[in-house]
Amino acid sequence: MEIVVCVKPVPEAETRLRPDAAGTALDPEGVKYVLAGYDESAVEQALLLRESIPGSRVHVVACGPAPRTEEVLRAALALGCDVATWVDVPAASADEPLSAARALASAISPHSPDLVLCGKQAGDNEAGVVPAALGELLGVPDLSYVLDVRWNAGASRFSLKRASEAGLESWTVPAPCVLGLQQAWNDPRTAKLPAILKSRKAPIARVTPPSAAADPASSPRRFELPPPRTGAKMIEYKTADEAATRLVRALREEAKVLP
Amino acid sequence: MTRTALVVGELSQGRLAGATHEAIGAAAIVSGSPAGVSVLLAGRSARTAAGELARSGVARVVVVEDPRFDAGPPAVLAVQAAATAARIGVGVVVVGGTTFGREIAGRVAARWDGAVATGVTEVAPEGESVRVRRPVFGGRATETRVLGGPRVVLAIRPHAFPTPASDGPTPPIEVVPAADLPAPLLGPIRTGVESAAAGAGPGLSDAAIVVSGGRGLRGPENFHLVEELAASLGAAVGASRAVTDAGWRPGSLQVGQTGKAVSPQLYIAVGISGAIQHLVGMVSSRVIVAINSDASAPIFRVADYGVVGDLFEIVPALTAEIRRVRAT
Numbered sequence: 001m002e003i004v005v006c007v008k009p010v011p012e013a014e015t016r017l018r019p020d021a022a023g024t025a026l027d028p029e030g031v032k033y034v035l036a037g038y039d040e041s042a043v044e045q046a047l048l049l050r051e052s053i054p055g056s057r058v059h060v061v062a063c064g065p066a067p068r069t070e071e072v073l074r075a076a077l078a079l080g081c082d083v084a085t086w087v088d089v090p091a092a093s094a095d096e097p098l099s100a101a102r103a104l105a106s107a108i109s110p111h112s113p114d115l116v117l118c119g120k121q122a123g124d125n126e127a128g129v130v131p132a133a134l135g136e137l138l139g140v141p142d143l144s145y146v147l148d149v150r151w152n153a154g155a156s157r158f159s160l161k162r163a164s165e166a167g168l169e170s171w172t173v174p175a176p177c178v179l180g181l182q183q184a185w186n187d188p189r190t191a192k193l194p195a196i197l198k199s200r201k202a203p204i205a206r207v208t209p210p211s212a213a214a215d216p217a218s219s220p221r222r223f224e225l226p227p228p229r230t231g232a233k234m235i236e237y238k239t240a241d242e243a244a245t246r247l248v249r250a251l252r253e254e255a256k257v258l259p
Numbered sequence: 001m002t003r004t005a006l007v008v009g010e011l012s013q014g015r016l017a018g019a020t021h022e023a024i025g026a027a028a029i030v031s032g033s034p035a036g037v038s039v040l041l042a043g044r045s046a047r048t049a050a051g052e053l054a055r056s057g058v059a060r061v062v063v064v065e066d067p068r069f070d071a072g073p074p075a076v077l078a079v080q081a082a083a084t085a086a087r088i089g090v091g092v093v094v095v096g097g098t099t100f101g102r103e104i105a106g107r108v109a110a111r112w113d114g115a116v117a118t119g120v121t122e123v124a125p126e127g128e129s130v131r132v133r134r135p136v137f138g139g140r141a142t143e144t145r146v147l148g149g150p151r152v153v154l155a156i157r158p159h160a161f162p163t164p165a166s167d168g169p170t171p172p173i174e175v176v177p178a179a180d181l182p183a184p185l186l187g188p189i190r191t192g193v194e195s196a197a198a199g200a201g202p203g204l205s206d207a208a209i210v211v212s213g214g215r216g217l218r219g220p221e222n223f224h225l226v227e228e229l230a231a232s233l234g235a236a237v238g239a240s241r242a243v244t245d246a247g248w249r250p251g252s253l254q255v256g257q258t259g260k261a262v263s264p265q266l267y268i269a270v271g272i273s274g275a276i277q278h279l280v281g282m283v284s285s286r287v288i289v290a291i292n293s294d295a296s297a298p299i300f301r302v303a304d305y306g307v308v309g310d311l312f313e314i315v316p317a318l319t320a321e322i323r324r325v326r327a328t
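Quick mapping for you: the protein sequence lines, in order, are chains A and B.
Using my numbering, the first residue of the first sequence is number 1, and each one after it goes up by one.
Using my numbering, the first residue of the second sequence is number 1, and each one after it goes up by one.
The set of hints was computed from the structure by calculation and includes no laboratory data.
Think of the CB as a built atom: it goes at the ideal place given N, C-alpha and C, for glycine as much as any other residue.
Among these hints, one or two may not hold up.
Here are the computed distance ranges between Cβ atoms for each label pair [said to hold, decoys possible]:
id, chain 1, residue 1, chain 2, residue 2, range
1, B, E52, A, A13, 40 to 46 angstroms
2, A, S170, B, D113, 29 to 35 angstroms
3, B, E221, A, D82, 45 to 51 angstroms
4, B, R15, A, E51, 39 to 45 angstroms
5, B, E126, A, P90, 42 to 48 angstroms
6, A, R189, B, R44, 42 to 48 angstroms
7, B, R15, A, R200, 54 to 60 angstroms
8, B, V176, A, D241, 56 to 62 angstroms
9, A, G231, B, E174, 49 to 55 angstroms
Take the sequences, apply the hints, and build the full model.
This is how it looks when you write it as structure tokens:
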């Protein structure tokens with residue numbers, strides 16, 4: 001089975017966010033980029049499926065600029081992915097979800113994978129658009145908010161769980177399809193040192209999509225940080241009952257979040 | 001110039017989801033009034049649910065009575081939405097901020113060739129374009145984007161837009177046949193649903209109020225304090241990673257970077273110190289209340305209201321006070 005897993009480089013969680021000079025995007029200066037958490041779950045799922053389906057191959061694909069995109073592809077190779085493709089597009093294209101989906105689809109389509117796995121969204125833009133857009137562009141069904149994917153060879157279908165407002169849904173989905181993975185339902189493995197060293201020299205195929213520019217119909221205007229919180233208004237009280245009365249009054253009359 | 005809009009409705013057990021009313025509210029802002037908004041409802045109960053839009057003042061309700069929309073994945077409704085949007089000739093498609101809405105938005109955007117934004121909290125027409133604001137990085141920053149071109153797709157964030165008043169004219173109902181649904185998209189089959197934890201209360205991601213408990217509760221035997229407070233408020237229950245890692249409560253309740261991101265109207269953190277990994281999952285809540293014994297806990301830096309004290313005294317008193325207020 002040919003399994004493609006799409007990953008995105010995102011700033012690590014502890015990054016101090018700062019707008020760039022134009023004020024329209026995150027300033028990438030000094031930012032360390034890592035595999036998005038959702039994508040780690042997707043890579044783990046891909047590797048688990050490879051282990052359970054003989055003759056499978058995991059092909060990791062990422063779009064974005066150098067060097068961050070190459071770095072996360074090497075991180076995925078160190079985790080055990082077999083081959084890697086770098087879709088070379090500017091950061092603005094990787095950050096506009098439909099442009100990113102188009103770039104990824106152009107690189108994935110020639111390989112006719114049986115399964116495309118993505119994180120259901122990335123931790124930076126949090127758009128959650130790519131899995132469904134990839135499904136449309138590749139002409140296959142998609143589901144997102146997915147966990148625990150298994151292959152049922154007899155039926156030629158995947159069985160999986162999907163976390164929705166209704167609860168935990170069970171689905172069966174035929175191959176080929178695109179699945180957007182929930183974060184943190186599996187326990188992603190960590191790379192071992194020999195694999196990390198080996199991944200540094202591994203070949204990465206570089207492709208350029210037919211249109212690398214970001215969709216001009218969607219342009220970032222402003223990237224801003226919330227005004228610094230001034231800290232909580234502390235409820236003064238002598239007894240617990242008094243604390244409760246004052247807090248409820250504040251929530252009803254000041255904050256107006258309770259009827 | 002404003003754009004006419006199509007809202008893709010979501011049916012939940014035969015009724016219109018709250019997210020759909022919010023989507024109509026957002027669409028009316030883009031279109032200038034509800035009269036510029038059409039609503040698509042698809043599924044066996046679509047015609048009945050259309051009755052819930054009486055006096056909504058929208059332009060029309062397009063009803064597609066076809067069971068394939070109940071059983072199938074969100075993708076089939078996305079195909080119908082793109083076809084209906086093209087037929088009516090709208091300039092913007094709006095979906096609610098549910099898991100379902102997000103999935104619809106991606107496929108409609110790719111299929112209908114529209115510029116797309118999800119998790120939208122503010123929207124305004126700007127000349128020929130649509131300006132949106134949306135939280136990014138777990139609410140630690142906000143992005144403003146301008147979506148131009150003839151077609152725009154928006155998925156709104158839960159609780160960001162008010163439900164519009166129902167004092168307008170009752171819209172006409174147009175019953176139309178289903179669009180041509182590509183066979184591969186009908187391949188996925190839902191085989192069952194385990195309803196959300198114990199079936200009690202609203203889901204974490206779309207609750208208007210969330211009450212979360214942390215390590216300060218000291219043990220699973222005390223977590224009922226959080227659950228009782230949540231019950232008094234009709235709120236969803238959440239937990240910090242310390243609680244789910246320790247197995248006091250299932251991982252599905254975890255709020256944070258490695259769990260769920262929530263943005264309710266009111267978030268009450270009980271006995272949670274406020275590690276960054278928790279904060280990124282809840283900091284975009286509208287009003288945050290922290291109850292903690294440690295006055296220097298980082299949670300108080302992001303909270304709007306703080307109570308420093310013994311949660312074992314404060315929380316039961318708060319539950320009692322809310323019950324009292326609700327009863328009067």
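Tell me, which hint numbers fail for this structure? Hint 5 alone not satisfied by this model.
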